[in-house]
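*Asks:* From just these sequences and the hints, can you work out the full model?
Going line by line, the protein sequences match chains X and B. The first sequence runs 1 to 348 under the working numbering. The second sequence runs 1 to 331 under the working numbering.
Take these hints with a grain of salt, some might be off.
[What the hints assert, rightly or not] Below, a list of computed lysine-lysine pairs in the DSSO-like style, where the Cα atoms sit at most 27 Å apart:
| id | chain 1 | residue 1 | chain 2 | residue 2 |
| --- | --- | --- | --- | --- |
| 1 | X | Lys-203 | B | Lys-15 |
| 2 | B | Lys-324 | X | Lys-134 |
| 3 | X | Lys-203 | X | Lys-134 |
The hints are simulated quantities; they were obtained by calculation from the structure and are not laboratory data.
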Amino acid sequence: MGVFHGTLSFLPHRDYYLSTTLPSTATAYPVIALHGVTKRYGRRTALDNVTLSVGEGVTGLLGPNGSGKSTMIKSLLGLLSIQVGTAEVLGFRLPNQLRAIRDSVGYLPEDDCFIAGLSGIESVQFMARLSGLKAVEALRRSHEVLDFSDVGQERYRNVETYSTGMRQKLKFAQAIVHDPQLLILDEPTTGLDPEQRVAMLRKIKTLASRFGKSVVISTHILHDVRSVCEQVIIMAAGQVRLIDSLENLSRPTQQGITLQVERTDEARVDEPYPEARRLVELLRHRNLDGQLRPDGSVWVSGVDPHHGRAVWEAARDSGVGIRQLSSARNSLEQIFFQAVQEAQNATA
Amino acid sequence: MPLHDVGYRGWIGTKSCRWTRWWVVALVGIQLAFRTSWLNRTLAFSWIPAIIIGVGFFAYEQSIVNPTLRTGIANLMILSSANRELAQTVVQNPEVVRHEVWSSLVLAFFRYPQAIMMLITVGIVAPKLISYDLRNRGYLLYFSRPLRVWEYMLGKSLVVWFFLALITTLPALCLYVVGVLLSPHLNVVGLTWDIPLRILAASCVLLLPTAAVALACSAMTIESRYAAFSWFSLWIVGWVSYSILSFGERMNRPEFQNLRPRRRDRWMDAEDFHSRWELLSPYHLLGRVQQWVFGMYPEDHEIWPYLLTLSSVTLVALWFVHRKLRSRLQA
Numbered sequence: 001m002g003v004f005h006g007t008l009s010f011l012p013h014r015d016y017y018l019s020t021t022l023p024s025t026a027t028a029y030p031v032i033a034l035h036g037v038t039k040r041y042g043r044r045t046a047l048d049n050v051t052l053s054v055g056e057g058v059t060g061l062l063g064p065n066g067s068g069k070s071t072m073i074k075s076l077l078g079l080l081s082i083q084v085g086t087a088e089v090l091g092f093r094l095p096n097q098l099r100a101i102r103d104s105v106g107y108l109p110e111d112d113c114f115i116a117g118l119s120g121i122e123s124v125q126f127m128a129r130l131s132g133l134k135a136v137e138a139l140r141r142s143h144e145v146l147d148f149s150d151v152g153q154e155r156y157r158n159v160e161t162y163s164t165g166m167r168q169k170l171k172f173a174q175a176i177v178h179d180p181q182l183l184i185l186d187e188p189t190t191g192l193d194p195e196q197r198v199a200m201l202r203k204i205k206t207l208a209s210r211f212g213k214s215v216v217i218s219t220h221i222l223h224d225v226r227s228v229c230e231q232v233i234i235m236a237a238g239q240v241r242l243i244d245s246l247e248n249l250s251r252p253t254q255q256g257i258t259l260q261v262e263r264t265d266e267a268r269v270d271e272p273y274p275e276a277r278r279l280v281e282l283l284r285h286r287n288l289d290g291q292l293r294p295d296g297s298v299w300v301s302g303v304d305p306h307h308g309r310a311v312w313e314a315a316r317d318s319g320v321g322i323r324q325l326s327s328a329r330n331s332l333e334q335i336f337f338q339a340v341q342e343a344q345n346a347t348a
Numbered sequence: 001m002p003l004h005d006v007g008y009r010g011w012i013g014t015k016s017c018r019w020t021r022w023w024v025v026a027l028v029g030i031q032l033a034f035r036t037s038w039l040n041r042t043l044a045f046s047w048i049p050a051i052i053i054g055v056g057f058f059a060y061e062q063s064i065v066n067p068t069l070r071t072g073i074a075n076l077m078i079l080s081s082a083n084r085e086l087a088q089t090v091v092q093n094p095e096v097v098r099h100e101v102w103s104s105l106v107l108a109f110f111r112y113p114q115a116i117m118m119l120i121t122v123g124i125v126a127p128k129l130i131s132y133d134l135r136n137r138g139y140l141l142y143f144s145r146p147l148r149v150w151e152y153m154l155g156k157s158l159v160v161w162f163f164l165a166l167i168t169t170l171p172a173l174c175l176y177v178v179g180v181l182l183s184p185h186l187n188v189v190g191l192t193w194d195i196p197l198r199i200l201a202a203s204c205v206l207l208l209p210t211a212a213v214a215l216a217c218s219a220m221t222i223e224s225r226y227a228a229f230s231w232f233s234l235w236i237v238g239w240v241s242y243s244i245l246s247f248g249e250r251m252n253r254p255e256f257q258n259l260r261p262r263r264r265d266r267w268m269d270a271e272d273f274h275s276r277w278e279l280l281s282p283y284h285l286l287g288r289v290q291q292w293v294f295g296m297y298p299e300d301h302e303i304w305p306y307l308l309t310l311s312s313v314t315l316v317a318l319w320f321v322h323r324k325l326r327s328r329l330q331a
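*Replies:* And the structure:
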């Protein structure tokens with residue numbers, strides 16, 4: 001099943017319902033709606049009966065390699081044909097209204113792609129003209145979006161001479177040149193230096209907040225998702241494992257604390273967090289509900305952060321240094337790792 | 001940084017008709033092709049034969065008012081083609097065979113110099129058209145826009161058609177106009193009105209299959225040099241196969257056996273010899289159909305195998321390109 005029904009076990013006392021139209025949907029139709037979508041490559045299932053509904057705003061599409069993110073994006077653009085199920089983008093139905101979808105969507109592909117022989121400005125103008133802008137207007141608009149994308153005089157150079165970062169900016173300019181209602185950005189910050197990455201994320205935020213664009217960002221970089229996204233979709237093994245708003249995911253769950261412990265040189269391949277495990281064993285010995293998490297942190301339920309004396313004592317007795325103690329909050333990393341792990345367990 | 005950065009602005013405007021996006025693909029393809037210096041040289045060079053044929057038109061029209069030229073022209077005609085009857089009529093009364101002479105001149109233009117120029121021009125233009133898009137994943141940019149695979153193919157075909165028309169159709173039509181301007185009376189327009197139409201038809205015969213096959217070669221690989229190699233190989237291998245097989249066929253004919261050794265060479269070179277192996281050679285295949293278009297092929301019913309082969313090759317090539325692009329997208 002592509003849709004998760006019920007409770008994710010790693011998130012204590014919270015139900016995640018994935019029926020679901022995400023919060024803040026203002027339009028009459030969801031920006032993206034998939035119903036029972038399945039896509040197979042031979043015997044391998046890339047998308048497994050995926051049903052989801054995405055509202056306006058910035059949505060982060062997370063998942064490990066091979067989880068089906070790019071397949072889903074390409075299916076939405078009609079680049080791949082889906083074998084089972086129905087899909088709608090901005091209220092237009094696939095595949096009958098493919099032209100209307102492509103007219104209203106800006107796509108930044110993950111792959112390094114360009115039209116050989118053209119300069120930067122010509123490439124953007126070409127894409128604008130393919131989207132229906134007339135020649136002069138396409139040129140004017142291309143200059144405008146290249147300015148916005150921080151492409152300077154390099155725009156007159158042949159695209160084959162561009163660095164990876166420059167090509168990324170160029171693809172971004174090509175994606176927005178026809179002023180699309182929905183932007184689908186596949187790994188938009190790949191190849192950008194830290195400064196350019198921040199600038200790119202700021203631009204995405206601007207487009208969403210000031211110009212009302214809906215944006216879907218497919219990425220591996222959780223920090224990017226945290227900084228710009230309002231909603232998160234986590235995919236693994238061709239299935240949607242989780243959809244929720246980032247605000248909900250970041251809310252404290254139940255009474256308890258999260259401990260980050262100091263690392264020593266004891267870590268081994270088969271035992272990456274020996275200190276944390278030692279602490280968890282001692283906590284359990286003292287009747288405290290301690291759990292080791294995949295990222296090496298320790299979760300202790302039922303303990304108030306201000307009254308955690310027993311935890312400190314356990315740490316002292318086990319010889320483990322505590323680097324950070326905070327009230328229980330599920331980090332995106334934890335949620336992501338757990339979702340992926342559950343998917344792996346399910347497929348195994 | 002720009003002097004005046006306006007930041008992002010929404011765009012509201014009228015879009016062009018959504019069914020003409022292939023035109024943009026064609027325009028950009030043509031623009032890119034013109035940046036190849038070798039192509040520009042080839043294009044310039046490919047108009048030289050038109051000048052030579054133009055001189056032929058001039059000489060023929062002069063022969064009508066100046067009978068001393070007729071014998072020379074007839075000798076040239078015998079040298080260039082095997083049509084002795086036409087050459088003899090030119091000596092006696094050239095005006096009667098104006099249509100045939102003009103058609104022969106235009107056909108000779110298509111068949112000999114322009115066939116070679118076509119081979120070179122397409123060999124320069126076409127290999128990059130699809131292979132570059134496959135190598136650089138440009139197809140993702142094309143097909144994320146409102147553009148279908150057949151529109152992309154049409155746009156790319158137009159690039160090849162444009163350059164072929166530039167070296168064949170356009171000069172051939174110019175030759176016709178030159179012929180009209182050089183003739184002593186304007187009534188030649190009434191006598192030869194169908195030649196421009198035949199030029200257009202012969203151009204279609206040339207353009208459609210060659211563009212389809214050239215695009216198929218380009219779609220076959222991500223390396224344009226391999227595409228160019230396969231394009232040239234196709235013609236050369238076809239020609240060589242035809243030559244070898246038809247040589248054997250001619251030698252086994254009783255007519256050949258009965259000829260004296262001195263006349264055998266001429267008989268072997270005769271244009272009106274029809275071999276079934278012509279279907280193997282793109283050059284001969286195109287030549288026969290163009291000959292038929294210009295009314296120089298004696299039997300209409302004999303042309304069907306040629307037309308069918310040409311159509312089949314075109315359709316298979318287009319199907320191959322379509323399949324290649326679809327499979328790339330589905331990968």
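*Asks:* Hint by hint, note whether the structure agrees.
*Replies:* Verification of the supplied hints:
1. X:Lys-203 to B:Lys-15: The hint holds at about 26 Å.
2. B:Lys-324 to X:Lys-134: Violated. Lys-324 (chain B) to Lys-134 (chain X) sits at ~31 Å, over the 27 Å cutoff.
3. X:Lys-203 to X:Lys-134: 26 Å, holds
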